Structure formats: structure tokens, C-alpha cells
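Could you build the full structure based on these sequences and the hints that come with them?
Chains as they are written, first to last, in this note's numbering: chain A, 358 to 610; chain B, 358 to 610; chain C, 358 to 610; chain D, 358 to 610; chain E, 358 to 610; chain F, 358 to 610.
Read the hints as simulated data drawn from the structure, not as lab findings. Keep in mind that this is a model prediction, so the values were computed, not measured. Some hints here could point you the wrong way.
Where chains are identical, the list cannot tell them apart; a pair therefore holds if satisfied intra-copy or between any two copies.
[As the list claims (entries may be wrong)] Listed next, the in silico DSS-like pairs over lysine-lysine satisfying Cα-Cα at most 30 Å (straight line):
(1) Lys467 - Lys364
(2) Lys590 - Lys379
(3) Lys541 - Lys379
(4) Lys553 - Lys541
(5) Lys588 - Lys467
(6) Lys603 - Lys541
(7) Lys439 - Lys403
Protein chains: 6
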Amino acid sequence: MRIDGRKPNETREISIERHYIKHAEGSVLISVGDTKVICTVTVEDKVPPFLRNSGTGWITAEYGMLPRSTGTRNQREATRGKVGGRTMEIQRLIGRALRSVVDLKALGEKTLWIDCDVIQADGGTRTASITGAFVALVDALYARMRDGALSTMPVTDFLAATSVGVVGGTPVLDLRYEEDSSAKVDMNIVMTGAGKFVELQGTGEDEPFSMEELNELIALGKHGVEYLISKQKEALGEIANLITDKANATTGA
Amino acid sequence: MRIDGRKPNETREISIERHYIKHAEGSVLISVGDTKVICTVTVEDKVPPFLRNSGTGWITAEYGMLPRSTGTRNQREATRGKVGGRTMEIQRLIGRALRSVVDLKALGEKTLWIDCDVIQADGGTRTASITGAFVALVDALYARMRDGALSTMPVTDFLAATSVGVVGGTPVLDLRYEEDSSAKVDMNIVMTGAGKFVELQGTGEDEPFSMEELNELIALGKHGVEYLISKQKEALGEIANLITDKANATTGA
Amino acid sequence: MRIDGRKPNETREISIERHYIKHAEGSVLISVGDTKVICTVTVEDKVPPFLRNSGTGWITAEYGMLPRSTGTRNQREATRGKVGGRTMEIQRLIGRALRSVVDLKALGEKTLWIDCDVIQADGGTRTASITGAFVALVDALYARMRDGALSTMPVTDFLAATSVGVVGGTPVLDLRYEEDSSAKVDMNIVMTGAGKFVELQGTGEDEPFSMEELNELIALGKHGVEYLISKQKEALGEIANLITDKANATTGA
Amino acid sequence: MRIDGRKPNETREISIERHYIKHAEGSVLISVGDTKVICTVTVEDKVPPFLRNSGTGWITAEYGMLPRSTGTRNQREATRGKVGGRTMEIQRLIGRALRSVVDLKALGEKTLWIDCDVIQADGGTRTASITGAFVALVDALYARMRDGALSTMPVTDFLAATSVGVVGGTPVLDLRYEEDSSAKVDMNIVMTGAGKFVELQGTGEDEPFSMEELNELIALGKHGVEYLISKQKEALGEIANLITDKANATTGA
Amino acid sequence: MRIDGRKPNETREISIERHYIKHAEGSVLISVGDTKVICTVTVEDKVPPFLRNSGTGWITAEYGMLPRSTGTRNQREATRGKVGGRTMEIQRLIGRALRSVVDLKALGEKTLWIDCDVIQADGGTRTASITGAFVALVDALYARMRDGALSTMPVTDFLAATSVGVVGGTPVLDLRYEEDSSAKVDMNIVMTGAGKFVELQGTGEDEPFSMEELNELIALGKHGVEYLISKQKEALGEIANLITDKANATTGA
Amino acid sequence: MRIDGRKPNETREISIERHYIKHAEGSVLISVGDTKVICTVTVEDKVPPFLRNSGTGWITAEYGMLPRSTGTRNQREATRGKVGGRTMEIQRLIGRALRSVVDLKALGEKTLWIDCDVIQADGGTRTASITGAFVALVDALYARMRDGALSTMPVTDFLAATSVGVVGGTPVLDLRYEEDSSAKVDMNIVMTGAGKFVELQGTGEDEPFSMEELNELIALGKHGVEYLISKQKEALGEIANLITDKANATTGA
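The structure is reproduced here in C-alpha cells:
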């Protein structure tokens with residue numbers, strides 16, 4: 358039995374609130390249990406130097422935590438004067454993940470700035486960021502379709518992420534902070550609507566893990582991501598069809 | 358007639374939501390129209406070096422804006438690697454303002470960390486920060502009273518802040534961003550429940566202002582602060598009495 | 358009676374030495390009692406990106422203190438690797454103040470760099486910087502008129518600044534460091550030759566102040582600024598008339 | 358057929374040169390094909406603050422590339438004034454990996470500083486760093502055993518790392534730079550002598566990957582790590598037995 | 358004939374104004390022609406970590422240039438956020454030079470902070486800094502003798518510095534900026550009262566120099582330093598004897 | 358007798374291994390006793406802004422030490438976030454030295470990036486860097502001649518550097534670290550094949566030195582540089598003639 362009474366393969370309660378910040382082209386407040394992240398997407402009509410005149414767009418992500426999003430106050434990175442290693446790792450992960458389901462050629466020479474800011478943290482902030490940012494990104498691109506700047510939705514499939522781990526000897530899905538800090542094995546899984554892996558990052562710093570454990574964790578993660586994608590579809594309503602159609606076209610479904 | 362139909366001496370709609378972030382000792386989401394700021398207060402049981410063994414506490418404030426809290430995305434200060442001048446000015450202002458209504462001797466050797474993070478900006482973010490942080494600070498200290506770490510509420514009076522300015526020749530209260538950017542004179546006023554000034558910062562960069570204008574602006578500001586303090590009292594409910602009693606004792610009211 | 362025998366409404370001895378640094382277009386050593394600041398003005402024939410092709414000029418200011426300008430050595434900001442909050446606040450203040458009396462359209466696409474370096478500090482360094490920089494700026498622009506780069510003096514009025522405060526219960530003018538550190542209320546006033554406010558920054562961190570105190574402080578400040586402007590005129594000699602004429606034309610005097 | 362004629366499951370030529378830098382407690386030059394990394398291990402008799410008086414040691418890693426280790430010169434991170442995201446990610450990975458096979462309690466309050474500096478890069482620098490640093494770490498600890506500072510070898514198992522990826526549709530082992538840059542899927546695998554996973558990091562930024570591909574990649578990686586561990590044993594000679602014994606004791610082999 | 362009419366072996370006009378900044382333990386304004394440097398010396402009653410409990414003192418130097426000390430404005434190092442290579446080189450040179458004539462054991466566990474700030478530059482700022490700082494250092498230590506903190510003057514000999522160079526084929530003494538920028542060979546010489554070298558830094562970036570040229574330059578430098586030391590003695594008056602006596606005792610003169 | 362049995366005028370064993378790093382246009386591993394430095398030269402087809410459209414090239418150098426190149430680990434400058442004063446001094450020295458023997462006009466608008474990375478240090482790292490970088494530079498330029506980008510070798514003469522010092526009262530050549538740390542006088546000498554000085558940097562921080570000592574040190578240095586240049590010629594083989602011819606042409610030999 359888990360600390361909050363969940364079964365091993367159960368996620369926490371998920372909510373996705375769209376249009377959360379009035380200024381951003383796309384914005385979402387995602388809650389995964391007590392983890393709450395504001396995800397915004399900004400569309401900029403230029404690309405980094407290495408893509409100029411390539412006809413190709415780019416997606417870059419930044420991530421931050423409010424000082425009291427955590428149990429004890431953590432110092433602002435702005436005050437410290439540098440972005441820490443953990444933050445950089447997460448920023449790079451979010452960027453790679455979202456780029457994997459956007460056709461950057463179809464996007465054209467635009468940059469999508471993904472900003473994920475954790476206002477309350479209880480484990481799984483990087484995976485919640487990816488799941489929420491995906492919805493904000495779709496909204497931002499949809500806004501661009503409506504105003505004529507894009508003729509087609511350049512998103513090729515759904516994308517969500519969750520964490521899994523071995524806690525007290527049992528593989529479990531969607532770890533809260535207390536579970537995460539006592540987990541022997543810890544894995545983040547980013548998957549597409551088609552059930553393929555975009556990122557798989559497992560670490561057994563405290564105890565190496567076996568092939569069997571890996572397989573169990575992957576099965577839990579797949580289950581979790583499927584549920585998260587169902588919530589993304591629910592949140593997006595009709596707009597979801599634009600992506601489903603595209604994904605089906607690609608896979609021939 | 359103002360852009361949103363308000364009268365010159367009218368504030369925007371105010372809401373103060375307490376206990377907004379579960380981890381912080383005190384936390385508030387304050388909305389002043391479309392300006393929304395998360396204010397948290399952390400109580401730390403130590404003081405900066407210059408106060409060690411003085412029996413006196415300290416209050417320090419930090420301020421940040423999410424990248425898309427504004428109409429166009431502004432770069433993260435963490436990414437730039439330094440805190441800008443505007444942010445520093447605001448941080449120093451918030452700290453000074455709150456210190457003016459806390460009896461630091463009665464607080465004892467504790468540091469209160471005020472964090473104000475703007476999630477959506479529409480003018481007046483620094484004054485909203487002060488007004489919201491005051492409520493979060495009272496909550497944080499009240500929590501410390503309940504758990505026995507403080508025997509008395511060390512807050513000596515209410516404190517709120519608002520902005521006033523001369524827009525299109527007319528002095529007006531509580532400027533939205535559009536008003537603020539076209540104002541010839543711009544002033545921030547921080548006042549106590551007793552109607553005294555804690556900070557008065559007026560600037561006439563585009564057009565110097567006269568003594569008459571100054572007096573009109575101050576009258577508007579006083580009116581605005583009184584209304585904000587009434588909203589703080591409403592939000593705090595019974596806890597407000599702890600401060601009212603203290604303030605009355607001080608002024609002999 | 359004040360520590361140096363002055364009356365409450367008396368300034369310290371003022372001297373303004375022009376052409377102090379041979380390389381700069383305008384340069385002044387201003388002494389306000391023992392506070393000594395080197396102010397230089399550099400004219401650069403380009404503007405920041407946001408003003409390119411606007412036909413409009415810009416004024417920006419930087420401020421520094423030599424390590425031993427103060428009673429105990431303060432670490433160099435260059436060595437610390439960042440400019441502190443107090444410095445940024447002062448830099449922004451000096452820039453805003455001087456922009457308020459220069460017709461930036463008439464200046465054309467030039468940037469005036471104001472550098473104020475405190476070589477000896479005894480209170481009031483930011484107000485001495487503004488007062489001194491004004492004279493250096495006039496000299497720099499006058500040099501440009503003589504070499505034909507400007508056809509008219511783009512300065513619209515005189516400008517000076519002073520500090521006032523409540524020390525031991527008494528409002529006083531032009532505080533020395535010892536007075537400043539014990540003042541309950543502290544205010545900086547920047548005014549024009551026409552007697553209008555450009556900046557008013559009062560803080561009652563230790564004790565909030567009333568409307569009556571505010572009025573007394575403003576009266577003292579006005580008196581001080583008038584005296585400082587008389588010293589600026591004296592220092593500038595005939596050149597002063599170029600500004601007096603302009604100011605009169607504007608106000609219809 | 359691969360660009361250098363290797364079969365899909367073939368590693369490049371491996372060499373491990375011990376005692377490469379005379380000053381370091383442990384030091385290795387590892388070559389994996391044309392990738393060459395100097396790995397040094399420094400033993401420091403103190404621990405970071407969070408471990409003081411815990412009786413537990415720590416391992417931390419730093420990684421760098423010489424400017425011309427790569428085809429085009431990359432700017433020094435010292436000159437840029439900050440460590441980039443990729444470097445931080447790698448440093449954190451190396452540290453976690455090595456901590457997983459060291460009994461930090463048995464190490465006692467010491468810090469092992471791992472430094473991996475790439476002098477020539479041709480793909481797989483992070484995995485070569487882990488593989489080489491493991492040998493340097495064993496040497497550093499063995500030196501400490503000989504001088505009596507440690508009574509037992511605190512290393513619990515062998516550890517090596519390799520990269521695998523899908524290149525031109527085929528899963529291959531130990532990618533050179535040219536392969537790496539055209540790979541659709543890219544995975545780093547860190548495994549122990551007992552064949553368990555310490556880290557598994559797969560990314561399908563360009564093309565998500567299926568469960569089948571994952572299994573093929575893992576099989577290749579396992580094969581590669583086994584070969585690398587055989588080379589580590591060869592390099593360490595008799596000292597290798599100290600670890601083999603320990604690992605057998607743990608697994609009951 | 359040189360640009361300002363001097364003979365090859367002639368220095369510019371020298372003046373040394375003591376007690377220039379009221380707060381510092383020792384302070385000097387040195388003018389070498391149009392080069393003007395404020396040198397202050399601060400005595401701190403502690404030493405850097407590497408000297409704690411050694412009974413030995415330390416001398417460290419910092420150097421800066423005001424932005425308009427030069428013909429075109431140079432950006433503040435505080436604003437750039439880092440100290441440049443030239444500044445670091447000069448700081449290290451000044452520190453080494455002054456340490457060479459102070460008996461750090463006799464000084465005891467104190468740190469002398471030398472600050473040299475160039476307010477106007479016309480070549481030779483580093484050598485003027487050394488020459489001026491020497492006098493400020495003697496004043497600071499003399500003040501400590503008078504207040505009983507030191508029983509003896511720990512300065513072992515006089516010390517001054519000058520520049521020499523080959524300009525237009527002719528070796529010359531004490532180069533102005535215009536000469537310096539066209540010199541083929543450029544050398545700084547720091548010497549003691551006893552005529553020994555403390556630092557000799559010659560560079561022939563534009564044209565390597567021969568042994569004969571070296572000897573001519575050294576002769577000029579020796580002549581210049583002797584004159585500078587005579588000016589230091591003149592400025593110090595009777596205090597100079599404290600050092601002359603010490604130097605004679607050491608050399609047996 | 359010196360610690361390693363050498364005579365005062367004897368250098369350590371020298372080896373120069375060319376083509377050490379496969380990616381760089383020129384690269385050398387130089388060993389001077391136990392001091393080992395990797396020197397690479399990168400040719401970039403552009404110049405810094407101040408040389409654009411001048412037809413003139415540039416040479417710039419960077420220097421680093423691996424953390425365990427020294428007896429105790431030194432912190433990475435990348436981690437500290439800034440390049441230290443010693444490093445900057447050495448970088449500037451290497452750049453100046455190499456520019457003195459390259460005809461930058463003949464080089465054309467190219468920048469040569471010199472990177473010197475110390476992998477093992479035992480005194481004399483800066484002089485070994487210069488001596489090794491010279492060979493790498495010749496190789497890089499020769500490669501450019503072969504591919505037709507340069508029609509002539511723009512190197513005007515050989516260049517090498519060594520250190521000399523007074524150890525235990527005796528002037529000695531090519532100091533090891535132990536000698537260097539106990540030397541009273543320490544001097545670096547950079548000379549050309551024609552026997553002229555490019556840089557001469559002597560410091561007598563612990564004990565000023567006389568003209569006689571200077572002459573002895575210079576004689577030793579000249580002897581050492583001649584030997585180093587003979588080793589450079591040996592290493593370069595036939596390519597050396599390209600420079601010898603040029604140098605002879607210049608000096609009329």
C-alpha cells in the first residue's frame with residue numbers, strides 16, 4: 358500500500374487548465390496531484406543562427422522552480438547567478454521531447470519557447486512539465502493556424518511523460534516526493550501516442566536494476582502515459598482531432 | 358473615462374487567496390485586476406551575520422517575473438546570469454516596506470524571506486507584491502504563534518501599497534499597464550493602517566510635476582491604500598484583530 | 358544644533374570645478390562638504406537599438422565608489438563580478454533625472470554617457486552626482502555646439518538634487534553620513550529650475566512619516582535645490598544663459 | 358557495413374594506460390578508438406557539508422574537453438565563464454555511475470574527485486570517461502589501502518559504459534562521431550560486472566523507438582560492457598581480484 | 358626631440374599629494390605629467406587563510422581606471438562583470454612590488470590593501486601606481502606606529518617604478534601615451550633605493566630587442582627611479598628617515 | 358648540485374611530439390622533463406573586429422591546466438566561473454610572444470588560436486607552452502601552404518622560451534617546480550633564433566637582484582633557448598628550412 362493509498366499502477370489526480378496566462382500564445386496549469394506547473398509557449402518569428410535560411414523551426418525549453426515550491430526554500434538561480442545542473446538537464450530533456458513530435462519543417466522558421474515554472478512541487482515536476490507543455494504547444498500552434506500564420510498543425514503525435522520507480526521493492530507509477538526520495542531505482546519515460554519511446558532515463562544509483570525490473574517499470578510507464586494522453590485529449594477537445602488525424606496518417610492507422 | 362471604464366479614484370478588482378502553496382509558512386495569490394502575484398513567506402531560524410547575537414530579526418525580499426507574465430516574453434534572469442536593476446530596486450523596496458511594520462526585536466533572531474513571483478503582469482506588480490506579501494507574512498507569523506515559537510504577533514500595523522499617476526492630464530489611481538506606459542508622472546505609495554507614509558516614490562521623467570499634482574496624487578493613493586487594507590482585513594478574518602489591537606495600542610486609539 | 362554646527366536649513370559648502378579630466382567632453386569635480394564626486398559626460402554618436410532611426414537621443418548613467426571613499430573599505434564591484442542593488446538604483450535615478458531636462462529629439466541620435474565616481478563619501482553621493490553631472494552635461498553639449506555638431510542647447514531647464522531627512526525629530530537639509538545613518542526618515546529630492554519635482558523618494562523604514570513631515574521636508578529640499586542651482590549658474594558663467602533662456606521660453610517667463 | 362568496417366556488435370580498439378599522470382592518486386589514459394580521455398582520481402580527506410559527521414564518503418565528477426579535442430575548435434568553458442548544460446549532464450552522470458559501485462560507508466569521510474578530460478574526441482566520450490575513471494578510482498583506493506588509510510577495497514563491483522544507437526536502420530555498438538551524428542536513436546548504458554543496469558539513457562529525438570529496438574540495443578550494450586570489463590580486468594591485473602571477490606561475496610557467486 | 362620637448366632621459370613633472378582621501382589610513386594623489394592616480398592603503402587586522410597563525414602579514418593590490426580616464430570611454434569592469442587580463446596583470450605586479458620592500462614578519466598578521474585608481478591616464482599608470490602607493494603605504498604604517506599598533510616601520514627600502522622604451526629608434530624615459538603606442542620596445546622597471554631590480558618586464562612584440570638596447574633602457578630606468586625616489590623622500594619629509602635608516606642598516610651603509 | 362643532479366646551465370630532457378591530436382591543424386605534445394603540455398593551433402578564416410578589412414591577421418592564445426596536472430588538485434576555472442590572473446597573464450604572454458615572429462600581413466585575415474593545455478606540471482609550463490606552440494604553429498601554417506591557402510611561410514624566425522632563476526644563491530637554468538618555489542629571483546626569457554629578446558620578465562619578490570645577477574641569468578637563458586631551438590629544428594625536419602631561410606633573408610645572414 359502506497360503512502361497516499363494508491364495502487365502501484367495508479368497515477369495521482371490529473372488536471373489540465375488551458376489559457377491560464379492571458380499574454381501567452383499557449384498556456385496551461387497542469388496539476389499532477391500536488392505538483393503544479395505553469396507551462397507557457399511563446400511563438401517567435403525567428404530561429405537561432407544555426408537554422409537561419411534553412412526553412413526549419415526550433416523548439417527550446419526553460420524550466421524553473423519558485424523558491425517555495427518545495428518543502429524548504431531553495432535559493433533562486435537568478436540570485437545565485439547561474440542555472441544549476443539539474444535545471445539544465447531538465448531543460449534539455451523538455452526541449453528534446455517536444456521536438457520529437459513536431460515537424461520542424463512544417464513549422465517553418467519559427468522558434469517555440471517552452472517555459473515550465475513549478476509553483477508547487479511534489480515529485481515528477483519534469484514529467485508534468487512535458488505533459489503540460491505539450492498541451493500549451495498545441496494551443497499556441499492552433500492560435501497560429503487560426504490567424505493564418507500556419508496552414509497545418511505541425512504536431513505529428515501526442516506526447517506525455519511520467520515517472521516510475523522501485524519503492525520498497527515494488528515497482529510503482531507516478532512517484533510523489535516522499536516515494537521518490539526513498540526509491541532505489543528511478544526512471545522517467547516519455548512516450549508518444551503511438552506507444553513509442555522518446556526518452557527513457559533510468560538510474561539505479563542506490564541499487565542497480567535487472568532486466569526484469571526494467572520491463573516491469575516500462576509496462577507501468579506505458580500505462581501511465583496512456584492515461585495522461587487521454588487527459589490531454591479530454592482537455593483539448595476538438596483540437597485533439599487535428600493531431601490524431603496526423604498521427605493516424607503517419608502510422609497508416 | 359479610463360480604458361477599462363473605471364473612475365479616476367477607483368481600484369481594479371482585488372482578490373487575496375490565502376494558503377495558496379502548501380509548503381510555505383505563509384502564502385497568498387493576490388490579484389489586482391489582471392496582475393497576479395504569488396507571495397510566500399519563509400521563516401528561517403537564523404539571521405544574517407550583521408545581526409548575530411543581537412536578539413533582532415530580519416526581513417528580506419526577492420521578486421521575480423515568469424517569462425510570459427508579460428505581453429512579450431522576457432528573458433529569465435537565471436539564464437542571463439544576473440538580476441537586473443529593476444528587480445533589485447523592487448526587492449529592496451518590498452523588504453524595506455515590510456520591515457517598517459514588524460517589530461524586529463519582538464520577532465527575535467529569525468529571518469523572514471519574502472518571495473513575490475509575478476505570474477501575470479498588468480501594471481502595479483510591485484505594489485501588489487507588497488500588499489499580498491503583508492498577508493502572507495501575517496499568516497506565517499500566526500503559524501509560528503500557534504506552534505509556540507512566538508508569544509505575540511510582532512506586526513505593528515497594516516501595510517498596503519498602490520500606484521498613482523498622471524495619465525492624459527488626469528491624476529488616476531491603480532494604473533493598468535497601458536495607463537502606466539503613457540503616464541507622464543508615476544508614483545508608488547506605501548502606507549500604514551494609521552495613514553502614514555512608509556515609501557513615496559514619484560518620478561516625472563517625461564514631465565516634472567508640481568506641488569498641486571503631488572497633493573492630488575497622494576490623496577488618491579491614500580484612498581486606494583485604505584481600500585486595500587480593508588480587503589486585507591476581510592481576507593485575514595479574525596487574525597486581523599491581532600494587528601488592529603497592536604496598532605491601536607501604539608497610537609493610543 | 359547639528360553635528361557640524363549647521364542650521365536645519367543650511368547646506369554644506371559646495372564647490373563645482375569644471376574641466377577636471379582632460380579627456381572627457383564634459384567633466385566636473387563636485388564637492389558637497391566632504392563628499393567629492395568626479396562626474397564626466399561622454400558623447401557617443403550612436404544610440405541603443407531601441408532608438409535606432411528614431412531621430413531621438415539617449416542618456417544613460419553609471420555610478421561607482423572608490424574602495425576607500427568610505428570609512429571602511431568596500432569591495433570593488435568589478436572584483437565581486439557584479440553591480441550591487443544600491444548602485445543600480447542610483448544609476449537608474451541619475452539617468453532618469455538628467456533625461457527629464459534634455460530634449461532628446463533636439464539632441465538627435467547621440468548617447469550621453471554620464472559617469473559619476475565618488476572619490477570621497479560623506480552622505481548625499483547620489484544627489485551630488487546629479488547636481489555635478491548636470492554641469493558636466495551642459496559643458497559636453499556646449500562643446501558640441503562649438504564644433505557645430507549641435508545647433509542649439511538641448512537642455513530645457515536647470516536640475517539639481519539634495520537630501521533631506523528627519524534627524525532626532527527635526528527635519529534637516531543636506532545630511533552628512535552620520536546624520537543619514539541615524540535619520541528616521543530619509544528623502545531625496547530632484548527638482549528643476551522651475552521648482553517642479555523630477556524625483557521624490559522618501560522612505561520611513563524606521564518610522565513612517567506624516568503628511569506634515571512630508572511638507573516640511575519638501576520645503577527644505579526646495580530651498581536646498583534653489584541654492585545648488587545658484588551655484589551651478591555661478592560655475593557655468595555665461596553658458597548658464599543658454600539654459601535660462603530656454604527655460605524661460607518654455608514656461609513663458 | 359559500418360564506416361570503419363566494424364560489425365554492428367563490435368567495439369573499437371580499447372586501451373587503458375594506468376599511472377598516466379604522476380601527481381594523481383589514480384590516473385588513466387583510456388582510448389576507445391580515436392576517443393582519448395585522461396581520467397584522474399583525487400582522494401580528499403573531507404566531505405561536503407551535508408555528509409559531515411555521517412561516517413560516509415562522497416564521489417563527485419568533473420568533465421572537460423580540450424578546445425581542439427573536436428573537429429572544430431570549441432570555446433573553453435572557463436573563458437565563457439560558465440559550464441554548459443551538456444557538461445553538467447555528463448558530470449552528474451559520471452558521479453552517479455561511480456557512486457553506485459562504491460560502498461560509501463566503507464570509504465569513510467573522504468571525497469573522491471573524478472576528473473575526466475577529453476584530449477581527443479570521436480564519439481562516446483562520456484562512456485569512455487566512466488570506463489576509464491573506474492580503473493583510476495580502483496588505483497587511487499588501492500594506493501590508500503597500501504598506505505594503510507583504508508583496510509578494505511570499498512568497490513563492490515566492476516562498472517563500465519558504452520553507447521549504442523540505431524544508425525541507418527541498424528542497431529550498432531560503440532558509435533563513432535560520424536555514426537552518432539546520424540543516429541536516429543542514441544543510448545548510453547552503464548552496467549555492473551553482475552550485468553545490472555546503473556544508468557540507461559535512451560533518446561529518440563529524431564525518431565521514437567519501439568520496445569523491440571530497445572531490447573536489441575540493450576543486448577548490444579550488455580555485450581559491449583562485458584568486453585570493456587574484460588579489458589579493465591586485464592589492465593588492473595591482480596588488483597582486479599579484490600573487486601571480483603567482493604562482487605562474488607555480494608551476489609553469493 | 359620628443360613630442361612634449363623632453364630630452365630622452367627626462368621624466369615628466371611629478372607631484373605627490375599626501376592625505377588626499379580623509380578616510381584611508383594612507384592616501385596619495387600622484388601626478389606624473391597628465392597621469393593622475395589616487396592610491397590608498399587600508400590596514401586590516403587579519404590575513405588570508407594561507408597565512409593564519411603564521412605571524413606573517415600580507416599585501417594585496419587592486420587597480421582600476423575611471424571610464425573617462427582615457428581618450429575614449431572604456432567600459433567599467435563592474436558592468437562587464439569581470440576584471441580584464443590587463444587589470445589582473447597590473448594588480449599582481451603592484452602587489453609583488455610592494456611586498457618586496459616590506460618585512461612581512463615585522464608587519465605581523467595584518468593585510469595591507471593597496472587601491473590604485475587612475476582618474477586620468479596618459480601612459481605609465483602602473484608605474485605611477487607603484488610609486489604613489491609606496492608613499493601611501495608608508496603613511497598608513499606610520500599612522501599605525503603612532504597609535505602603537507606597530508613598534509617599528511616594517512619598510513626595508515624605498516621603491517619606485519618607471520617605464521622606458523624605444524620610440525622612433527631612440528631609447529627614452531617615462532613614456533606618454535602617444536609615445537607608448539608607437540614604441541617598438543616597452544619596458545617597466547621597478548627598483549629599490551639600493552638600486553636593485555624588483556621587477557623588469559620588457560616586451561618587444563613589434564620588434565625584438567638586443568642586449569645593447571636592454572642595457573641602454575636599464576640605464577635610463579635607473580636614472581628615472583632615482584629621481585622618483587628623491588621626490589618620494591621630499592614628499593615624506595622626516596618620515597623618510599625611518600626608511601633610510603632601515604635600508605642603511607640592511608646594506609651596512 | 359641540483360636536486361635532479363643537473364648542472365646549473367643544463368636543461369631537462371626535451372621531447373616534441375608533432376601531430377599529437379588528429380583534429381587540429383597543428384598540434385604538439387611537448388615534454389620538458391616532467392612538464393607536459395598539449396599545444397594545438399587552429400586556423401580560423403576571420404579576424405577580430407579591430408582588424409576587419411585591414412588585410413592583417415591575428416594570433417591569440419589560451420592556456421589551461423588540468424585539475425590534477427599539479428601536486429594537489431586545483432579547481433577548474435570553468436567551475437569557478439572565471440579565468441584567474443595567473444592564467445590571463447600567461448595567455449597574454451604566449452600570444453605576444455608568437456605574434457613577434459609572425460608576419461601578420463603575410464598571414465592575411467586569419468586568426469591563429471593557440472591552445473596550451475598542461476596535462477602534467479613540474480615548473481616552466483608557460484615557457485614550455487611557448488616553445489611547443491611555436492612548432493604547432495609552424496605545422497598549422499605549413500598545412501595551409503600545402504592546401505594553397507598561403508603562398509609563403511609567414512614565420513620570420515624561430516622562437517623559444519625558458520626560465521632561469523637564483524636558487525640557493527646560484528643562477529640556474531630551466532627550474533623544476535621544487536626549485537621554482539624556493540627561488541629568490543625568477544625570470545622568463547623568450548628569444549628568437551637571432552638571439553634577440555621578445556620578452557624578459559624578471560621578478561625579485563623575495564630578494565631584489567643586481568645588474569650582475571641579471572647578466573648571469575640572461576646568459577643562462579640564451580644558452581637554454583639556443584638548445585630548445587635546436588630541438589625545434591630537429592623536430593620540424595625539412596620544414597625548419599623554410600624559417601631559417603626567411604630569418605637569414607631578414608638579417609642578411
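Note to self: Cα distance capped at 30 Å. Does Lys603 pair with Lys541 within a copy, between copies, both, or neither?
What the structure shows: Answer is between: at 21 Å across copies they meet the 30 Å cutoff, but 39 Å inside does not.
Note to self: At most 30 Å between alpha carbons: which applies to Lys553 and Lys541, within, between, both or neither?
What the structure shows: both (25 Å within a copy, 13 Å between copies)
Margin query: Regarding Lys590 and Lys379, is the shortest C-alpha distance of 30 Å or less found within a copy, between copies, in both, or in neither?
Written below: both (22 Å within a copy, 29 Å between copies)
Note to self: Cα distance capped at 30 Å. Does Lys439 pair with Lys403 within a copy, between copies, both, or neither?
What the structure shows: both (26 Å within a copy, 25 Å between copies)
Margin query: Within, between, both or neither: how does the pair Lys467, Lys364 come out at a Cα-Cα threshold of 30 Å?
Written below: neither (43 Å within a copy, 41 Å between copies)
Margin query: Please sort Lys588 with Lys467 into within, between, both or neither, judging by C-alpha distance up to 30 Å.
Written below: within (28 Å within a copy, 45 Å between copies)
Notebook entry, point to check: When no copy is specified for Lys541 and Lys379, does a C-alpha distance of 30 Å or less occur within a copy, between copies, both, or neither?
Noted result: between (42 Å within a copy, 27 Å between copies)
Checked against the numbered hints given earlier, the structure breaks only hint 1 and satisfies all the rest.
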